[in-house]
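> Read off the chains here:
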Amino acid sequence: MKNKVLIGNGQGFWGDSILGPIRLLREGPLDYLTLDYLAEVTMSIMQKLRQRDPNAGYATDFVTLIDRVLPELLEKGTRVIANAGGVNPHACKDALLEVCRKHGATGVKIAVVDGDDILSDLDRMIGGGEEFNNLDTGAPIGDVRSRITSANVYLGAFPIAEALAGGAQIVVTGRGTDPGLVLGPLIHEFNWGPEDWHKLAAGTVAGHIVECGAQCSGGNFTDWRTIPNLSMVGYPVLEVEPSGDFCVTKHEGTGGLVSVETVTHQLAYEMGNPERYLTPDVIADFTSFRLKADGENRVLVQDTRGLPPTDTFKVSMSYSDGWKSVGQLTISGPDALAKARLCAKIVWDRLAYDGCEYSEEERLEEYVGAGECHAGLPGGTSDSPAEVVLRLGVKGPDRAKVARFGPELVPLVTSGPPGVTGFAGGRPKAQEIIGYWPALMSKHLIQPTVTVVES
Amino acid sequence: MPTVPLHRIAQARSGDKGEGSNVGILARSEAAYTFLAETLTEARVQDFLKEINFGGVTRYLAPNMRVLNFLLEDSLGGGGSASLKTDAQGKTHGIGLLRPEMDVPSAVLDATPPPPA
Chain R
1 MKNKVLIGNG QGFWGDSILG PIRLLREGPL DYLTLDYLAE VTMSIMQKLR QRDPNAGYAT
61 DFVTLIDRVL PELLEKGTRV IANAGGVNPH ACKDALLEVC RKHGATGVKI AVVDGDDILS
121 DLDRMIGGGE EFNNLDTGAP IGDVRSRITS ANVYLGAFPI AEALAGGAQI VVTGRGTDPG
181 LVLGPLIHEF NWGPEDWHKL AAGTVAGHIV ECGAQCSGGN FTDWRTIPNL SMVGYPVLEV
241 EPSGDFCVTK HEGTGGLVSV ETVTHQLAYE MGNPERYLTP DVIADFTSFR LKADGENRVL
301 VQDTRGLPPT DTFKVSMSYS DGWKSVGQLT ISGPDALAKA RLCAKIVWDR LAYDGCEYSE
361 EERLEEYVGA GECHAGLPGG TSDSPAEVVL RLGVKGPDRA KVARFGPELV PLVTSGPPGV
421 TGFAGGRPKA QEIIGYWPAL MSKHLIQPTV TVVES
Chain B
1 MPTVPLHRIA QARSGDKGEG SNVGILARSE AAYTFLAETL TEARVQDFLK EINFGGVTRY
61 LAPNMRVLNF LLEDSLGGGG SASLKTDAQG KTHGIGLLRP EMDVPSAVLD ATPPPPA
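Read top to bottom, the protein sequences are chains R and B.
Residue numbering for the first sequence follows the working numbering, starting at 1 and increasing by one per position.
Residue numbering for the second sequence follows the working numbering, starting at 1 and increasing by one per position.
Everything labelled a hint here was simulated from the structure, so no lab data went into it.
Please read these numbers as outputs of a predicted model, since none were measured by experiment.
Take these hints with a grain of salt, some might be off.
Calculated lysine-lysine pairs in the DSS-like style (CA-CA distance at most 25 Å, straight line) [unchecked claim]:
no.	chain 1	residue 1	chain 2	residue 2
1	R	Lys401	R	Lys345
2	R	Lys4	R	Lys429
3	B	Lys85	R	Lys345
4	R	Lys429	B	Lys85
5	B	Lys85	R	Lys401
Work out the full structure, taking the sequences as your base and the hints as a guide.
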């Protein structure tokens, strides 16, 4: 057994910089590279892509990345775990096999973890007594059943460990917990069992700290002036011991900062009740561990405690929830704010003339530059901004009514007050709103599957 | 008692949580944490953010990290993809909550290093 495992997370979300993982591989030692591509609405977008093309529905960015780094990956022996599979992990695997062929790389083992997609089983499960009430509001599934477009269980970390035990160098998963990408290799390397709750909790905390990439190494930090060289920010690296205690660090010579404060910023992010951070593998207690500086850019996290998990899986469903359209104009001074207010009135008046009136709940006016983000807070607003970005938006169930809005923005340039510009990117179009429906379901109904193939 | 912006004694980070946002307030010292745990109540935050959050506020404490975690119930204009707002994910709510001023005892200020200029 290794006495220390090095894990770097190079991707905080779909759209994060490709330089994160490339530099993690290039600029220092690494046993595992993890990559998080999935947000809640991503699965629904991927379902739509797959409906149009049976070979689509996964994060193509991941395939682009592997194409760029495969020779380095093979030379160093770094193993990769990515939830890039989306709703079509086997298509993602096939695309990776194609990349291996292109590079002439044979014998590369690629694993797929799936079994998270329950969309086709939903009616059978509901018939069998699963309720799928909305976890936040308590509303019954019947409210949205006919409009559901994706349904995926957040799988735990043990199937990832199984894939690694099968020799996989690259593991592609569908929906799973974000910290599980880190916990999986720790379970594999240190033979942690399902009842090693404190260790599983420690691995979960480690995964939570790195899951948003550079957000724990100096990005999005309150005292931003103190962070050196954010241009070349180092993505986080974990050094984990068999006990579960670990150090958060980054490669030597990279920009950014790892300190107790930068790590705590990330720990305080996306948290509910800190005593009960729920995953399918364990309940981690975020009030249990101790944080300690251990020299430059090194923070120790010790003595994490955990409790047995619940007997339910969290399910993430998405459903079609109407339409929206948002556009913007820039209005220069003098009198930027007054002119922007007039512009908004003109747009609503003209739309009303043409039979499209939107209720207060269905429309939005924002005056960016006058104080939208910090409304009502000291220093957060200005009565006389030099210029204003006017953002207008509408939403509702009627697609045609929402779509009617977009064409009435650009005419303001010639038929409104003077100094109106900044209309780029064409007319705003109606976009589908993807609703999010979190729910719980019985664990015993889910059977994760692990498949390993070789290039 | 000196009046200072919360920024003087705390740091913050925020993000989306369903139709609301999660605002973590990080005290800059033990003394600041003890003071904030007593004074930065759910009601106080509700009042500070009354033009941003239109639902309830729930507070959790994590003394090991000197963190006060606030969940705002309705601060994103619908949340997720239904929001039309420019800050649809509440990314700016954290540093926003560092703007209000509070009366802070001199002893707490003395024990709390100020943010770098």
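> Just to be careful, I want the Cα atoms of lysine 401 (chain R) and lysine 345 (chain R) compared with a cutoff of 25 Å; is the pair within it?
holds (18 Å)
> Hinted pair, alpha-carbon criterion (25 Å max): lysine 4 (chain R), lysine 429 (chain R). Please report holds or violated.
This hinted pair is violated, its Cα atoms lying about 52 Å apart.
> Given the hinted pair lysine 429 (chain R) and lysine 85 (chain B), is their Cα-Cα distance within 25 Å?
Between lysine 429 (chain R) and lysine 85 (chain B) the Cα gap is close to 16 Å, so the pair holds against 25 Å.
> Is the hinted pair lysine 85 (chain B) and lysine 401 (chain R) satisfied, with a Cα-Cα distance of at most 25 Å?
It holds: about 20 Å lies between the C-alpha atoms, which stays within 25 Å.
> Would you check the hint for lysine 85 (chain B) and lysine 345 (chain R), treating anything up to 25 Å between C-alpha atoms as holding?
holds (18 Å)
Checked against the numbered hints given earlier, this structure breaks only hint 2.
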